[in-house]
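Given the structure of chain B, go ahead and fit chain H onto it with the hints provided.
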Amino acid sequence: MGENIQGSFVSEKISKIRWKHEDFTEAKTFLTGSWDNPVNKITYWTFETNEDNETYPAVISSHAFLGDVTELKFISKDFFVASSSLGSVRLLQIQENPYAQFKEHMSWDFIHNFKTGDYASCTALSTFEQDIVSVGEDGRINLLTARQKKPVRTIENADSCSLYCVDFLRHSEILTGNLRGHMKVWDLRNDQDIPATTFMLSEQLKTEAVSIAHHPTQRHIVVAGGGDGSLTVWDLRHNTYPISQLNAHARSVSEILFHPDRPENLFTCSVSGELWHWNNAQKTKMKLDSIDSHWLNTIGANGKVSVVSLCTAMHKPINSIDIDRSTLLFGCDNEAIYVVKDIIV
Amino acid sequence: MDETDNAQIIGIPDDLCRKAGIAATWIGSNKIGVHAYKHVSVRKHCEDLCKDLAPFEAKVHSLRPEVILFSAPLRKLVNESNGVFLSIQKMKPSASSDTRPELLKHSKQYRSILRACIENIQDVLEKSTPDYRSTLEQYLTIFYNVECVWHLTEILYIDAIPGEVVLPQLLEWVRFHFPKRELMAAKVLTKKNIASELGNINYWEAIIGCALHGKLEVVRALLSLHSKADHPAFLAAENALRTMPIYNVYGGYSINEFMIRWKHWQLDLLSRLESKTFISEPNLEDIMKLVAGDDTALWDFSEYTDAWYELLAAKLFYSVPCCKQSELSRHANNIAAKWQASKHQDNVILSLMDSELHHVIKEIQYMNDNGWFAAHLTDLLYHCGKLKVIHKHQINVTDQLHEALLLDYGTTLMSHHSLWQVGASYLEHCSEQGLARLETLLQTLSSGSEAKINKIIDIARENNLHNVVNSICKIQGMKCIRQDRLGNALTWALKAQDGAFATYIADQFLKHYAEKGEVMCLDLLENLGNCMLVSDRLTFLGKYCEFHQTYGIGEFKGAASLLVSLLVSNLTPDYFWSTLLWDAVPLLEAEDVILSSEDTFELMRSVEEHGDDPKFQDKIEIFRLAAARNLARALNLEGCQGKH
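Order-wise, the sequence lines are chains B and H.
If you read the first sequence in full-length UniProt numbering, its first letter stands for residue 1, the second for the next number, and so on.
If you read the second sequence in full-length UniProt numbering, its first letter stands for residue 1, the second for the next number, and so on.
Same shape as in the complex, but just chain B (with noise of 0.2 angstroms):
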């Protein structure tokens, strides 16, 4: 294990984390989930020095959570929503007075459930300022906004398979994978329940689609993992032919980061423990005649990008990712959360 990486064992699987971003300054808190336990706790962390001058992560306050934590997203600068395997969502607050603690503003119960009345797992969600779009292994997609306890809209049967990943293309636009593949977009505007395209993760391997992450200036580029640790790489804009396929990682995709930032730095980890640091050697300043077409789109023609594996692979999967200016936190099945300092971006 690399100088710049740290670990810390926290007894409890981590299944996602997330940094707190702050304005004008580097992060210094971040919350992690956890999944597997009977009772299952959101954490809010920070860093504490020690006597030998090295920065650990210690706890400011936990929450307790029923069912697995599937996804924290931050929708403002201290209020982030969780999702459950029980198939509720929840809209929390740190508040830091008078004592650190999460307070609930909505919950959103059971939006996720089987017509025989069994739970179904949310499996994930996302955010566009205030609203919010979660998918479960219903089949269903739910849009809430954060003022308000009653759905904004339920697509009851959008998928006769679970879904496991969604994504705001635009803000009355959604994209949904599932676990057969099928990637659907659904345009948001239109009343009736059917998405206005349906493509494939991958046309010869039926794998599920993981996750998917948007380039954080150009939306319309997304990229997904899918569960033989592909990516996927479409121009939404021209077809949805995707324009890029890489046999990336040996084992599933557990989640795609791009820099906020930096965008032609990509993070990637895996079931298999592989955590990965994908950067377009050629930095796109030197790109202006070309802005059409972006480093990711010939990602597999040409060796310009360079990938870097940012740790030894670890012996259990990666389940989640988090990166702050040069930062980056990683949550994994071995119980433990590492921080890794210093990453050229």
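Simulated from the structure, these hints should not be mistaken for lab results.
This structure is a prediction, so every number in the text was calculated from the model and none was measured.
Incorrect hints may have been included.
Computed list of lysine to aspartate or glutamate pairs in EDC-like fashion (alpha-carbon distance at most 20 angstroms, straight line) [stated by the list, open to error]:
#1 K338/H with D306/H
#2 K20/B with E129/B
#3 K76/H with D15/H
#4 K452/H with D228/B
#5 K386/H with E119/H
#6 K263/H with D294/H
#7 K543/H with D574/H
#8 K41/B with D109/B
#9 K228/H with D286/H
#10 K108/H with E3/B
#11 K276/H with D306/H
#12 K215/H with D159/H
#13 K474/H with D118/B
#14 K474/H with D484/H
#15 K105/H with D228/B
#16 K543/H with E203/B
#17 K20/B with D324/B
#18 K479/H with D118/B
#19 K115/B with D484/H
#20 K90/H with E432/H
#21 K619/H with E608/H
#22 K20/B with D131/B
#23 K452/H with D118/B
#24 K392/H with E356/H
#25 K76/H with E119/H
#26 K127/H with E48/B
#27 K51/H with D15/H
What follows is chain H alone, placed relative to chain B:
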């Protein structure tokens, strides 16, 4: 193994059980359900029995062993040590390069994990409630002992001892684990008072403690703080201690040369003792007797030691400074016997010094750490090639022992709701029975969200346990069917490439269509691609959907040829013939001639063969009429075209 004396008796506080007797059944891998039970063979007796036992309340008591490794502070140990374990497994056994330094590094990692765990427990202890406190203190004792034994094992078996002279490492080990009196000495020294013996009641105890550990500089520093430090007795002691030769492999002397020098120095000291140089200061005289290797003085000081091996280190330091590892056992046995050491820890350490590793491994299984220590230490020794365990029939059982310990440990972890992934990684490294065990245990894991199922399947796939993948997918599929989600059920069947199951699900789809006239899950079925080939029935379903799709967009020609190919394919299930035939009617009745005469003959042949379905009886006339009309039109048309 014959360990009858270790049986544990657990009382079941249940009146009914007491009266009737009990029976028990396994629930999962580490739980048993105990309930009242009495075998009754004749019905009449049963009624009597009911009277005897009434009123009763039948209860099932569930019993499971307490696993301390599942407590929060120890879960860190479990996870972190798993990383080291897996790194060791990844090491390539190569004859050319020596793996010893690498393994020593791993051994030190294990120990630092243990230290971290102990420190962590101490931290938690400070903040915890009194009732939890005693539990934590118990953990502390267990892992202190574990670390102590591990350290000695590392010195004796994993580290390479230069020149086989074991004393320096042994002293280091003793100092590390019995720091009490050295801390005492440090306290006295920091005060720097002259006449310390008056200000500190522990003054002499600190000196003796340090002398027993061979910390001569500290002893000298303490003596110099004595009020009579400038008296001849003290000056002589200082001189003797300063000039004592200490063996060092890299010191430039051979062992023989060193022994001559040391003997010479010892004789000198003995003559001073005889000439009563230290008589004025009895405490000092006793210490100097110890330094001169006097056995009586050594045993007089045994009250200042906490364990026999502390005394052993002192004995070797002052009497046998060049003790080789092979001679250690003799000295250790002498001391231990005289000390009457009988604690569990004592036995383990003595066995270590006796090089009886199989005995050590047997003993460390009773350290109440749920097998963590035995599994990891055995594995490390196994990789060092230090482990040779011979069964009483002269069979080498090393491999079996190694595997059995890993199996037990892995199985224990597999029963935990969160640590099962860690447990699996131990079973994966048991070449004999590991996979079979894994295969069984993976299927007993409580299911949860599909995310968890996917992780279980992932482990099964990694280990080529296709049976497990199939079985889990099927269970998921059946669950989906119960929840009325045929589409998802089909996806699970396809994931496992399970043809029979896919056929079963495809049947459900077709039956639903035959009854209700609507296709479910079109979004899935239309995009099956070549996955449909996994089962004939599914192929039929996929093609049938394609037919509807083609028909729906007005491609009647294409739809017709699909329909005919379905008819001749011989894939049609019996219950579906009527539906399929009825689907042909609109095509037969279409304005343009879509079906050729040949196709129509095919349809007519099919209706003769399969049109006897009672559901179809009222439609068969319509069908025949439509077919006849289409045939007439088609023949006409074909006849015209033929002329051209």
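Hints, one by one, checked against the model:
no. : hint               : in the structure
1   : K338/H with D306/H : 14 angstroms, holds
2   : K20/B with E129/B  : 16 angstroms, holds
3   : K76/H with D15/H   : 41 angstroms, violated
4   : K452/H with D228/B : 16 angstroms, holds
5   : K386/H with E119/H : 31 angstroms, violated
6   : K263/H with D294/H : 14 angstroms, holds
7   : K543/H with D574/H : 17 angstroms, holds
8   : K41/B with D109/B  : 17 angstroms, holds
9   : K228/H with D286/H : 17 angstroms, holds
10  : K108/H with E3/B   : 18 angstroms, holds
11  : K276/H with D306/H : 31 angstroms, violated
12  : K215/H with D159/H : 23 angstroms, violated
13  : K474/H with D118/B : 19 angstroms, holds
14  : K474/H with D484/H : 15 angstroms, holds
15  : K105/H with D228/B : 36 angstroms, violated
16  : K543/H with E203/B : 18 angstroms, holds
17  : K20/B with D324/B  : 9 angstroms, holds
18  : K479/H with D118/B : 11 angstroms, holds
19  : K115/B with D484/H : 7 angstroms, holds
20  : K90/H with E432/H  : 18 angstroms, holds
21  : K619/H with E608/H : 13 angstroms, holds
22  : K20/B with D131/B  : 19 angstroms, holds
23  : K452/H with D118/B : 17 angstroms, holds
24  : K392/H with E356/H : 14 angstroms, holds
25  : K76/H with E119/H  : 12 angstroms, holds
26  : K127/H with E48/B  : 18 angstroms, holds
27  : K51/H with D15/H   : 15 angstroms, holds
When held up to the earlier numbered hints, the structure conflicts with 3, 5, 11, 12, 15 and fits the remainder.
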